[in-house]
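Please take these sequences and the hints and turn them into a complete structure.
Keeping their order, the protein sequence lines are chains A and B.
Numbering of the first sequence is given in this note's numbering, commencing with residue 1 and proceeding in unit increments.
Numbering of the second sequence is given in this note's numbering, commencing with residue 1 and proceeding in unit increments.
Hints were generated in silico from the structure; no laboratory data involved.
One thing to keep in mind: the hints can contain errors.
[As the list claims (entries may be wrong)] Here are some, though not all, of the chain B residues that point toward chain A, as calculated from beta-carbon distances under 7 Å:
#, residue
1, Gln-43
2, Leu-319
3, Pro-448
4, Thr-545
Just so it is clear, CB atoms sit at the ideal spot from N, CA and C, and this is done for glycine as well.
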Amino acid sequence: MINTAHRIEFFPEKCVGCQLCYKACFVDVIRWDPEAKKPIFKYVSDCEHCFCCQAVCKKEAIRVIPDYSSEHLLQSFERYA
Amino acid sequence: MNYENKNLSCDILVAGGGIGGLSFAVSIKERMPETDVLIIEKQTAGYSGKANKGGGVLQYFDPEKVQPIDFLKLHVKEIGAYLGDQEMMLKYVSMNKEMIDKLSEWGVGIPKDENGRYRVLPTGPMTAMIRANLDMTVQVRRRAEKLGVRFLDKTAMSDLLTDGGKIAGATAFSILDGTFYVIKAKAVVLATGSQNYRIGSMWSSGRGDGIAAAYRAGAEMRNAEFGNFAQLAKVKSHHEVVFGENNMYNAEGEFITKNFRKTRETDISSTAIREWYIQMINGKGPVHLEFGEGHPGPGARALHDGSKDQSYDSRFRELNEKSAAEVDTDLEVCPLFIGEQSPICVGHDMQTSVAGLYAIGDCSYCGSAAPGAVPAPPGRNRGSGILNAVFAALVCAESIAASGLGGGAEIDMAQAESCREQLFAPLNRKEGVTAKEVIALVQKAVAPVEQSVFMKQDRMEQAMQYVRKARELAGKMKAEDLHDLLACREAEAMVLSAEMHYFASAIRKESRGWFLREDYPDMDNANWLKWIILKNVNGEMTYTTRDVPIEKWPVKP
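Shown next as structure tokens:
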């Protein structure tokens, strides 16, 4: 998917700086701030709503909120375009 | 842009840190412990690839119930449509237990019963599945690290370097700081995945950049026309419905599965996708799924016990299912184009036509010819994706261990510098188009299933117009930063994959296995028991055909 409108909520007070979300993101949405020891959600329009970052975070510091209307199946009929 | 240059060297360079690349690295270190193995991965090895985002199932053949030859006969007739390399498929089935045991030995969680046997779920007369924990790639990475494999994460391979037709190494760049690497290697193993065109969410890591690099380096491609997998997905959540094709109904309440399927088949077929299109074009859509009273509903959940533990598996599944359930108020479905083009041509040793360049897993599944006329795993063969990657990894390690590392090729620094210039060109353009504009055009070509799955010459021509436009714009891409630059490389690879798909599809004037053409509806064994081989010759896409040596194999039409 390209140009999605999924949202990612981050709760920095819960984050322990383990980097797992940064590692788990396979589409480079998440970068790492080495000074703050926190993730940076830098390229959110590339998010695929896979939930990998949220699933690896045992501290529940991340919440992915999908916007399915921003994903497109690209079939020719209008309702699927 | 003035990024740092760094020269590295190793014995074997592995591009791609998914289950294929990791399995190869572990296997070669087990056989040749002194070998210096470096894995480069554009994201993070152990977390990238598709194995940790799929069903977490491994195909299982019970040796007491299934002889490899019996499954081969089923596969060749029902799935591969006589186009497969029967020796390789036979070897894949024969190595089933060895592969699963290896994964278990490497630390992958595979549940066993109280007698120490794998928990098996039969799925058909000859097939069964067992579960594997989704953190398998992390476990195999840990194993590789213990064996001394080196890793360079967030580093994308950009080109392959050759010397007189032999592999000499590769170039790569850091997506974090732009460091440009020239890596000398005696052998390079591509484990970069298939081409999925950034359409399906969980398939999005397959962007074809390794395929494109191999093509540019002169490696042959085979079966590029079988890169058109599609699956039924729920229209609202876009989540796939595995086996949903058995329960399709049109708007008039007619059970339409019977139009293309007389008995239960191993998995989704392209005829199910064609049926959806026929219903829609005849005004009988939308298409939905119906399940009888007491049926648990869509999907294959029987292997998962549903316990609410805090493992990655449970959390991953629960989050995805809960999110989909919030929007899925009905079971309307339409096709999700997935692609899975995997055309790098390899021999029985997993070596490409470029000496010292190997390709394993999803980047060479169709190119190996093992499966025949079907896209990359699952390829109508559920549970074969992870195991195919492990199979190719083990075969590749075995062949390198047996033949030894070649070496002797030297890096041509002028070649490397040329690669650097071309790589960074989008960062130097002030005007131009974005990678996403190019990708959107490719998606307009390949995603509509009547242009890619149920094909006809005029509809393919329509698709090619988009691809030609994408090719024109690809030379004008600009990048704002290194993330963008990676997207530009991927966009170029998507244009190439689409070009190869339509080039080969136009040549194959028949229908065979997954490959469907409305204008050539019949399988033509007299003329098309052949593989189409594509090759880059001085910048031109050329083709030859190669006869399938069916006479030397056990299963014949």
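Hint-by-hint comparison with the structure:
Checking Gln-43/B against chain A by beta carbon gives a least distance of about 5 Å; that is within 7 Å, so the hint holds. Using the Cβ-Cβ criterion of 7 Å, the hint placing Leu-319/B at the interface with chain A is satisfied: the shortest such distance is roughly 4 Å. Hint on Pro-448/B holds. Least Cβ distance to chain A is approximately 4 Å, under the 7 Å limit. Look at Thr-545/B: its Cβ only gets to about 32 Å from chain A, farther than 7 Å, so that hint breaks.
Of the hints listed earlier, the one the structure fails to meet is number 4.
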